[in-house]
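K.L.:
Sequence:
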Amino acid sequence: MLESIFVLPLAAGIMSAVLALTAVAVLPRVGRRDPTFVALNVSISAWCLSYAVHLHTRGPAEPATGAAGPWAFALFAVQIIGLSFTPVYWFLHAARRAERRRWLKGWRAVLVHVPAVYTIAVALTNPWHGLFARQTVPGAPTAYGSLAIVHHLTTFLLVAPGIWLLVSSSSQRDAAPRDRRRASLLGAAALLPLAGGILWSLRHLLGLDIPVNPVPVLFSLLTMLLLYQVIAQGLDGLVPLAAAEAFRSMSDAAVVTDDRGVVIETNGVCRRLLPEAVRGVPLWEAVPALGAHVRTCLSLSETTVAFELEHEGAVFYGRANPVKGPRGDVLGCSVLLTDITDLRAAQHELERAVGEERALDPSARTA
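Quick note on this note's numbering: the sequence shown kicks off at 1 and runs consecutively.
Do not take every clue at face value.
Between beta-carbon pairs, the in silico distance windows are [what the hints assert, rightly or not]:
(1) T296 - G145: 49 to 59 Å
(2) T304 - L343: 17 to 27 Å
(3) E357 - G280: 46 to 56 Å
Here are the simulated EDC-like pairs of lysine to aspartate or glutamate, each with C-alpha atoms no more than 16 Å apart in a straight line [as the list claims (entries may be wrong)]:
(4) K105 - D34
(5) K324 - E302
(6) K324 - E99
(7) K105 - D258
(8) K324 - D259
(9) K105 - D259
(10) K324 - D258
I should point out that these hints are in silico values taken from the structure, not numbers from a laboratory. Just so you know, even glycine gets a beta-carbon here, dropped at the ideal spot from N, CA and C.
Please build the complete structure, drawing on both the sequences and the hints.
P.N.:
Take a look at the structure:
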């Protein structure tokens, strides 16, 4: 018979799995691919489901000590992996929504994953050193060891900034009073897992009788709210979708780079005109003349750079525009190239005709 003590994490685990599948199936249709949201819900689902099974089958011995047997320790390992990666992908998802994409790549992304690697390493080796969790005798309360302190601190250091990024970016994007209230509601909901984690960590010290860790359940409810905000607000998905379609179908060649000048997207016209400008390649290496204008655009950051570009016998009028995030920081550069070869040829022909007329007409030459 199902006991109410594990129904909540079981339901939350199933819901997070459904949210991950929904994000994979639905978000691309509204122009919102978000691997961090999927990874966050997969982590929460693994945490909740393994925790629910642990609550249903637990005995007096603590699995973290290895005394409960290999099957219980394997279940504990799954729980630790989900628990460790949840704050990591919570922070990365918040950074993505706040357009702080520098945290999603390079050494910063590696740094954010370090706390998860640390927690998994010290927790899974706990049967040998006993410094992450300990139990004096089977059935006694489980106490955290000294190595768990680092885990708790790094978790709070990831969750709290993630809340701040999420709420501050929502407040800046949503200027209407109703939208600001929605951002405030999101902030209040985001604080619940943090508050639940603090209470769970200090429950023995405060003398609180909390039978179930509320944090994974609260995280699951929070991600449901996040997904609702994206899907339920039709324009939030419609506008990027329409913009992407306009980008693909425009008659000008268009290329978008990141803040380092590396190509991240091109449209069909650009791919035919500049086949060497592929994703992941610095534009100054693929097309040096065009890359120089992009560098100028990124360095000026406030100014549209206009230029002419000659390429394979054609002449193009180019505009390089800085792309900015909600906080005004430059995220990259967009470049449009308009073919003006015929216009330049007509201008040259007109100038030639005017020159010949003046050569034949003395009065025009005198004028």
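K.L.:
If a hint holds in the structure, say so; if it does not, say that too.
P.N.:
Going through the hints against the structure:
Between T296 and G145 the Cβ separation comes to about 56 Å, which falls inside the hinted range of 49 to 59 Å. The hinted window of 17 to 27 Å between T304 and L343 holds, with their beta carbons roughly 20 Å apart. Separation of E357 from G280 is about 54 Å and conforms to the stated range, judged on CB atoms against 46 to 56 Å. Restraint check for K105 and D34: satisfied, since their Cα atoms lie roughly 14 Å apart, inside the 16 Å limit.
Pair hint K324 plus E302 holds up; C-alpha atoms about 10 Å apart against a cutoff of 16 Å. This hinted pair checks out: K324 and E99 have alpha carbons roughly 9 Å apart, not beyond 16 Å. Straight-line distance between C-alpha atoms of K105 and D258 comes to about 12 Å, which keeps the hinted pair within the 16 Å bound. A C-alpha spacing of about 10 Å is found between K324 and D259, which places the hinted pair at or below 16 Å, so the restraint holds.
For the proposed pair K105 and D259, the alpha carbon gap of about 12 Å is at most 16 Å, so the pair holds. A threshold of 16 Å between alpha carbons decides the hint, and for K324 with D258 the separation of about 11 Å falls inside it, so the pair holds.
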